[in-house]
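Could you build all of it, start to finish, from the sequences and the hints given here?
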Amino acid sequence: MRRLKWLVPTLYVVFLMLPIYWLLNMSFKTTNEILGGFSLWPTEFTLDNYRKIFTDSTWYTGYLNSLTYVVINTVISVTAALPAAYAFSRYRFLGDKHLFFWLLTNRMAPPAVFALPFFQLYSAIGLFDTHIAVALAHCLFNIPLAVWILEGFMSSVPKELDETAYVDGYSFPKFFVKIFLPTITAGVGVAAFFCFMFSWVELLLAKTLTSVDAKPIAATMTRTASTSGYELGLLAAAGTLTIVPGAFVIYFVRNYIAKGFALGRV
Amino acid sequence: MARITLETLRHSYVEKPGSDVDWALASLDLEWTDGGAYALLGPSGCGKTTLLNIISGLLRPTEGRVLFDGTDVTDKDPVDRHVAQVFQFPVVYDTMSVFDNLAFPLRNRGVAEPAVRERVTEVARMLELDGLLARRASGLSADGKQKISLGRGLVRSDVNVVMFDEPLTVIDPHLKWVLRSKLKEVHQRFGNTMIYVTHDQTEALTFADQVVVMLGGRVVQIGTPVDLFEAPRHTFVGHFIGSPGMNILPCAVDAGKVVFDGETVALDSPPRAVPAGTLELGVRPEFVRFAPDGIAVEVVKVDDLGRHQVVEVRRGAHAIKLIAAEGEAIPSERPRIAFDPRRARVYADGWMVEGGASR
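In the order they appear, the protein sequences are chains A and B.
With my numbering, the residue at position 244 of the first sequence is 244, and numbering never jumps.
Add 266 to the 1-based position in the second sequence for my numbering, that's all there is to it.
Incorrect hints may appear among the rest.
The calculated lysine-lysine pairs, modelled on DSS-like cross-linking and capped at a C-alpha distance of 27 Å, are [claimed, not checked]:
1) B:K282 to A:K97
2) A:K259 to A:K178
3) B:K567 to B:K523
4) A:K159 to A:K174
5) A:K159 to B:K442
6) A:K215 to A:K52
7) A:K97 to A:K259
8) B:K587 to B:K567
9) B:K342 to A:K178
10) B:K523 to A:K159
11) A:K207 to A:K52
12) A:K159 to A:K178
13) B:K282 to B:K342
14) A:K52 to A:K159
15) A:K97 to A:K159
16) A:K174 to B:K342
17) A:K159 to B:K342
These aren't lab readings, by the way, just hints derived from the structure by calculation.
Pasting the structure below:
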């Protein structure tokens with residue numbers, strides 16, 4: 001029994017990794033091989049799929065578009081959430097608790113609810129099909145999330161830190177930037193990560209609010225499936241590349257996220 | 267350094283304070299002389315921390331003024347008041363080294379780097395932090411962090427006042443003693459005005475020249491430790507300071523005589539008139555003794571504490587404690603006790619009746 005204790009975790013990891021492996025496997029195959037039969041690894045190993053993505057502008061601009069609006073959104077969300085979270089964590093004001101809860105309720109509606117109003121609004125004011133349009137739309141969900149996460153981290157910093165800094169001769173802005181922010185880097189990291197993640201995987205709003213100039217990669221992928229036949233190898237390669245940024249970001253914040261969980265805010 | 271005057275200070279955390287309970291500080295007039303070592307003593311929630319925060323400028327009082335050397339600073343920010351404050355729990359700037367933490371208040375005031383170095387080294391040596399100066403502050407134990415907080419409070423020599431808000435709560439007992447004597451030493455060496463908040467009477471009495479006792483947002487007594495011990499102005503002071511606390515017994519005043527449970531108690535100068543309010547007789551256990559001609563009681567229990575014995579006796583429903591010398595025989599047959607006529611006092615609604623007793 002004891003000699004078999006590695007078995008369950010191994011099975012679990014295999015189970016988790018299987019779809020990712022299959023995607024990777026497919027991305028190195030030709031479409032014909034994928035459709036032709038079952039093989040555990042590529043028999044005709046090819047990098048053509050990746051080559052196509054990195055050279056064909058209709059493909060790589062998809063990534064650039066996605067990254068652009070995701071980064072804009074993350075920056076806006078965290079920047080807007082920092083002062084808000086500070087206010088919620090440090091001051092008592094009329095209706096503060098209700099407002100804080102209401103922030104969360106914003107996340108309870110599916111994004112589809114907001115697709116139509118955003119579409120109409122952005123078309124009317126000429127923001128349709130721009131990166132900033134998608135970035136702003138995602139703020140609706142990401143700012144409350146970031147406020148919620150940051151508030152937890154900020155509240156775990158004692159108020160006396162602020163007070164000591166004032167007594168020691170720092171003004172509020174100086175304190176906030178030079179002492180407070182470095183103290184809650186973990187929180188900023190976690191908040192940024194979640195904003196990044198949400199914005200990166202959100203498809204519906206991103207697709208509705210763009211047509212050509214700001215089209216996200218996920219939209220490019222669905223299009224290819226319907227127009228020029230089945231380019232399964234190409235799609236798998238695109239899928240693999242779509243996982244990369246998320247995996248990359250999560251690598252950097254993995255330790256902070258555990259702390260976020262401990263604070264009950266992730 | 268400065269003389270700090272508080273004029274009719276009141277503070278409330280409630281928007282529109284109505285009744286008495288809304289006031290965290292209910293009218294304070296206080297003067298802290300320059301270079302004094304003060305202890306601010308009182309139970310939790312009596313307004314000690316509020317008072318400190320008002321002096322340092324973190325809180326703006328609802329009413330009243332704060333004066334430093336006669337200059338009104340009520341509207342000034344903490345930065346401009348030149349004070350130092352140490353809180354109950356360690357506050358360190360995590361991202362900085364121990365040295366930078368200690369140097370922080372100096373650098374913010376534009377002190378030249380050689381002077382910073384000299385001063386930080388001196389304070390670090392005093393607090394036994396000299397080996398850790400290069401370390402990052404975040405990695406230290408709670409003790410170490412609190413020493414940094416203390417060091418930051420002491421590093422500037424030009425502050426008006428240094429305030430400690432129960433600074434030794436997180437510190438190990440043996441180190442507590444060491445740090446307390448260090449603070450005392452610093453005070454004697456630099457002569458800063460120091461205010462030390464605590465709810466531990468030993469700490470207060472060993473640290474301070476003057477003890478300010480607060481209760482429910484009011485100052486009930488200011489005095490030397492000896493004053494507080496010998497002439498508590500309020501039953502709370504009598505009860506709070508001293509171990510065991512003062513005996514507080516119901517009494518009546520009748521035609522210049524103080525009567526406790528049917529027995530006349532001799533006082534050097536009893537109240538001339540009958541004071542209004544609930545009357546109580548306060549007498550410290552140290553000033554109660556067994557006497558053959560005293561009030562008849564029964565002995566409940568005797569605690570031998572080595573240097574002295576604490577004897578608990580009963581008179582009807584009233585428990586009375588008294589301190590007997592080491593080895594003193596406790597009478598077993600019909601014990602009687604007497605109160606020291608110079609030290610027993612009459613209190614009306616908790617407050618000592620003026621002129622009721624004199625030394």
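Ascending list of hint numbers which this structure does not respect: 3, 10 and 14
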